[in-house]
Amino acid sequence: MAGITIDHLVALTLLLTVLMLSIGAYSQIIGAAIIQQQNHHIAMKAYDLANAIFLNPGYPLDWGQGNSTPSAFGLQDPDIGGYSLSPFSLQKLLSTQAQVYYYKTGLWYSNNSLGGGGSLLVPVSSCVNYTTAAKLLGVNGSYGFQLVIAPTLNVSISEVNLNPLRLKVGVRGPGLALSGATLKYFLYHAVPKGGQYPSIEVFSGTGQTDSTGSAVLEFSSVDGSQNAYSIVVYASLGGLSGVGYRSRQTLTDNQIIPFVEDLENRIVLLAHSWDVHQFPPPVAALHFNATFFLLTQDFGLREIQLSESAGLVRSGKVNYGEGFPYYRLQIPIEGEGILVVAYRWGNNYGIVMMPWGVSALGFSVTFGGDPSSADWVATEIRQMTVNKISYQVKLAVWSTKGYQHWGYKH
Amino acid sequence: MRTIEIFLAAAILFVAFAVAAYFAILPSPRLVSSPNLRELALSTLETFDANGELSRTVFTNPSDPSWASLQIALTSSLPPNVVYNLSVYDIVTSPTGVVTYSLVRSISDSQSDLGAGSDSSSKVVTSSNVTFTVNPQKIGENIGKNITLYILNCNDANGWWITGYTAQSLASDLYKLLSPYFQRTVLVNSTSQLGTILDNTALQGERLQDAVVINTFGEAVPIPAGYYTTQGYDGSSYAKYAYILGQRVNTYNWTWVSIVGYPLYYVTNTVTFAGSQNSWGIYGMIDVGPAGLNAFLRGLDSQSYSYNNNWITGSPGVVQFTWNASYYSNYYGIYPSPYQTSTRALPTSILSTYHLSVPTNSYIFRVVNNWIAGATFNHKGSDDKIHGSLTAIGLTRIPDIRITALGLLQHYRPTIYKSEFGASGTSKLVVLQLAQQGGV
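So the protein sequences, as listed, match chains Z and C. All residue numbers for the first sequence refer to the working numbering, where the first residue is -1 and numbers rise by one. All residue numbers for the second sequence refer to the working numbering, where the first residue is 19 and numbers rise by one.
Just so you know, not all the hints are guaranteed correct.
[What the hints assert, rightly or not] Below, in silico cross-link-like pairs of lysine to aspartate or glutamate (DMTMM-like), each with a Cα-Cα straight-line distance of 20 Å or less:
1. C:Lys163 <-> C:Asp228
2. Z:Lys392 <-> C:Glu64
3. C:Lys163 <-> C:Glu224
4. C:Lys194 <-> C:Asp217
5. C:Lys141 <-> C:Asp174
6. Z:Lys392 <-> C:Asp418
7. Z:Lys386 <-> C:Glu64
8. Z:Lys386 <-> Z:Asp368
9. C:Lys141 <-> C:Glu64
10. Z:Lys166 <-> Z:Glu216
11. C:Lys194 <-> C:Asp418
12. Z:Lys43 <-> Z:Asp77
13. Z:Lys392 <-> C:Glu57
14. Z:Lys43 <-> C:Asp108
15. C:Lys398 <-> C:Asp305
[Unchecked claim] If the Cβ cut is set under 10 Å, some of the chain C residues that face chain Z in the computed set are:
16. Ser124
17. Glu159
18. Thr184
Hints were generated in silico from the structure; no laboratory data involved. Ideal Cβ positions, reconstructed from N, Cα and C, are used throughout, including at glycine.
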C-alpha cells in the first residue's frame, strides 16, 4: 500500500515538473515569436513613415516657405520631386539643440547652428515641432521617431598658413575619402571700406582633391591673420556633392547674430551678441555690411543686392542694451543662398553666415524624439539630395506603447 | 508503474517540443532589424542620377575615367559596413521584339558574391543623346481621307482683335503646331488664292473636300476681289459674303475656324477697301457687324439669305477647360491656361436654329449659363450626315492660338505614336546590389 502511495507521489511530482518545464519551453518559443512579430511591425512602420516623410511634400506644398503650420507633413521638395528634400521645410523643423532666447523680441529660437561662423536661428513659434509632426503623421501616442538628416560628405577646412592664406580642404564620405573630387570655393574677406563700415571682397576658384581626398587652396593676396574671412567649398564627384565652410574672425565676444523673423516675407533681424549671451566688457557697437549670395544650379554663388527701403537695411550700426533696436533686412529672392554679414569694431572684424535653406552651408537637422530609452528601434537609411547637395537621412522608429510582457529582457 | 507512465508521458512531451522547435523557425534578429537595403540601393541610384551623372557615366566607354569616379563616389557614400555591386546592362531588342539584357560592366568593392542576404534595386536610365520622337497620325487617315489644312496668310488683308500679332505670325505658329497632324498644309497667301479655293480649285494639287480652314485674321475675314466683293454685297452690307462662305463650308464639308472674338465681324481687303476703315481706324477693312455670323450660319444651314444684325454672343466671363480639353492638353502636350475670359461665347440656341451639334469631346470650355465659349459645331444636313463645321473660340482678345490648336486636335483626335522607351541603344538597366558585412 505504501509502495503504491510512493509511486503516485513520485509520478505526480514528475508530472508537475515535466508540465512546468514544457510550459516554460513553449512560452519561450511563443514569446520570441511575438516579439519578432512586434519588431517586424515596427520595421514596417519605419518603412511606411520614411515613404510618408521623404516622398511627400506635405500640404501646402510650400509650407517650408510660409509661417503657417502644414496640414499634412512631408519633406519632399515640391519643385523637384523624387528623392529630394526641401531645404526650406528642413529649416522649419524644430531642432533638438538647446533653444536661444532673445529678449528684445521676447521669443525663443530653434537653433540649427553648426558653429564656426554659421548660424541659423528660426522662431520656435514658426517651427513644426515633434508632437505636431507625429499627429500629422498619425503616430502620436503609438510610435516615436527621430530624423537625422546630415550631409553625406564631410568637407573639412583647416588653416595651413595665415599669410598668405593657405587652406587645406578634406573631403570624406562615410565609407572613404573622395579622391578626384571637383572643388568650387568662395572666400569672403572682410576688409576696411573707408569710414567704419567693412566691405566684403570675394575670391573664387576651382580645385581638385588628390588621392587622399585633400587639396590645398592658396590665396596669395589674403592675409588671414588680419580682419576676418569665411570660405565656402562645394565638392562633387560622380553624382555625389557636399559643402563645407570655415570662418576666422578677430572679434570674439562682440558678434552679430542673425535671427529669422518672418519666413514668408524672408525677413531677418540682426542682433548684438551681448543681448543674447551676455559677456564681460569690453562691449562695443558693431558696424555691419550684409550681402546675399544666391546658390546657382552649378554650385556657384551669385551676389544679389539687398534692398534698402521701408525699414530694411543692408548696412548699419548694431548697438546693445536697452534703447537700441535691432536691424531688419530682407532676403531678396526666394531661392536658396547664403546671407553674409561682415561687421567691424575699430580694427576688429568678424563675419557670420546664415544659410537660407539648410543645404547652402551643409547644415544637418536632428528632429523628433529620443530613442535611447526605447526597447527596440527600427532604422531606415536613405540617400537623398537637398538642392543637389547629397544627404543621408536616418529615420529611427520605436513603439511608445508598453509591450514585451514576454521575452528575454524582463 | 505510474512513474513509468509519467516517464513515457514526459518523453512524448519532449518529442512534441523538439518537433515544434524544429518547425517553428524564427527569422534571425538581423532580418528584422537590418537597414532596408533595397530602399538604400534605390535612393542611391536616384540621387546619383539626380544631376544626370549616372546616366552620363553608364553610356560612356567602359574604360572612361568617369567609371572610376562613380566607383569612388559609391564607396564613399555608402556606410562602411555595406558592400555593393553595380551592374550595367545593355537593353537589346531583337527584330522580333524579344528583349535581352547583356552585361556591359560591373563594379564592386567586394571580393566575392554578396550572398543571399543581399538586396538590390534597379533603374532604367536613358542616354542624353537620344531624342524620342513622336509620330502623329494624320487627321483623316483612319477614314481614308487626306484632310488638308488651309491657314489664311493673306498679304493683302488686315487683322482685328489679334493685337500684338500679325495674321502672318499667327499663321506661321499655327503651321508649326498643326502641320504634323495633317497630310497637307497649305498657306493661303493672298485673298485671290482664297478666292481660288472658294471656287473649288486646289492651289497645290491638294484635296479640297473636308479641309480645315483657319482664319488667322481674328474678327475680320479676308474677302477676294471680284465675284465675292460683288456677289457678297447685298447693297448695304458684306454680310452676304459670310453667307456665301457658309454655303461653301457646307458644300465642301469644311471646318471653318475662328480663333478669337466675334466671327466674321469685318471683311478685309487692303486693295479693294484701301480707302475704307472699320470705324476703329484700321483701313482696308469694313464693318459687317453681327450680321456676318448670322448670315454664315444661314448659309451653312442652307437657309435663304436674309440680313440679320442681331447680336447673338454673350459674356460668361471666366470659363474653364472641360475634362476633355484637360485630357487632350496633356495628350498633345499643348498647355494654354485652363482658365480664360470669354466675351463672345455662342448661345446654345443656335444648335437647334441651325441644325448644329457639338460632340462631347469637342467642347473646349464648360458651358456656362447656355453660353458655349469654345467648341466645334457640326452641321448636320437632312441626310443626317455632317455638312460643314464651325470651330468658334469666343474668347476676348488677344488670341492664344494654342487653344485653337487644342480645339481642333480634341475634335479630330489623331493618335500619337511615341517612340519606344526601351529601344535598343537608348536605355540601359542599372542594378545596384547591397549587402551588409559582419554580424550574424
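The hints, checked one at a time:
| no. | hint | in the structure |
| --- | --- | --- |
| 1 | C:Lys163 <-> C:Asp228 | holds, 8 Å |
| 2 | Z:Lys392 <-> C:Glu64 | holds, 17 Å |
| 3 | C:Lys163 <-> C:Glu224 | holds, 12 Å |
| 4 | C:Lys194 <-> C:Asp217 | violated, 27 Å |
| 5 | C:Lys141 <-> C:Asp174 | violated, 58 Å |
| 6 | Z:Lys392 <-> C:Asp418 | violated, 49 Å |
| 7 | Z:Lys386 <-> C:Glu64 | holds, 12 Å |
| 8 | Z:Lys386 <-> Z:Asp368 | violated, 29 Å |
| 9 | C:Lys141 <-> C:Glu64 | holds, 8 Å |
| 10 | Z:Lys166 <-> Z:Glu216 | holds, 9 Å |
| 11 | C:Lys194 <-> C:Asp418 | holds, 14 Å |
| 12 | Z:Lys43 <-> Z:Asp77 | violated, 27 Å |
| 13 | Z:Lys392 <-> C:Glu57 | holds, 12 Å |
| 14 | Z:Lys43 <-> C:Asp108 | violated, 37 Å |
| 15 | C:Lys398 <-> C:Asp305 | violated, 30 Å |
| 16 | Ser124 | violated, 16 Å |
| 17 | Glu159 | violated, 37 Å |
| 18 | Thr184 | violated, 36 Å |
Figure legend: structure checked against the earlier numbered hints; hints not met, in rising order: 4, 5, 6, 8, 12, 14, 15, 16, 17, 18.
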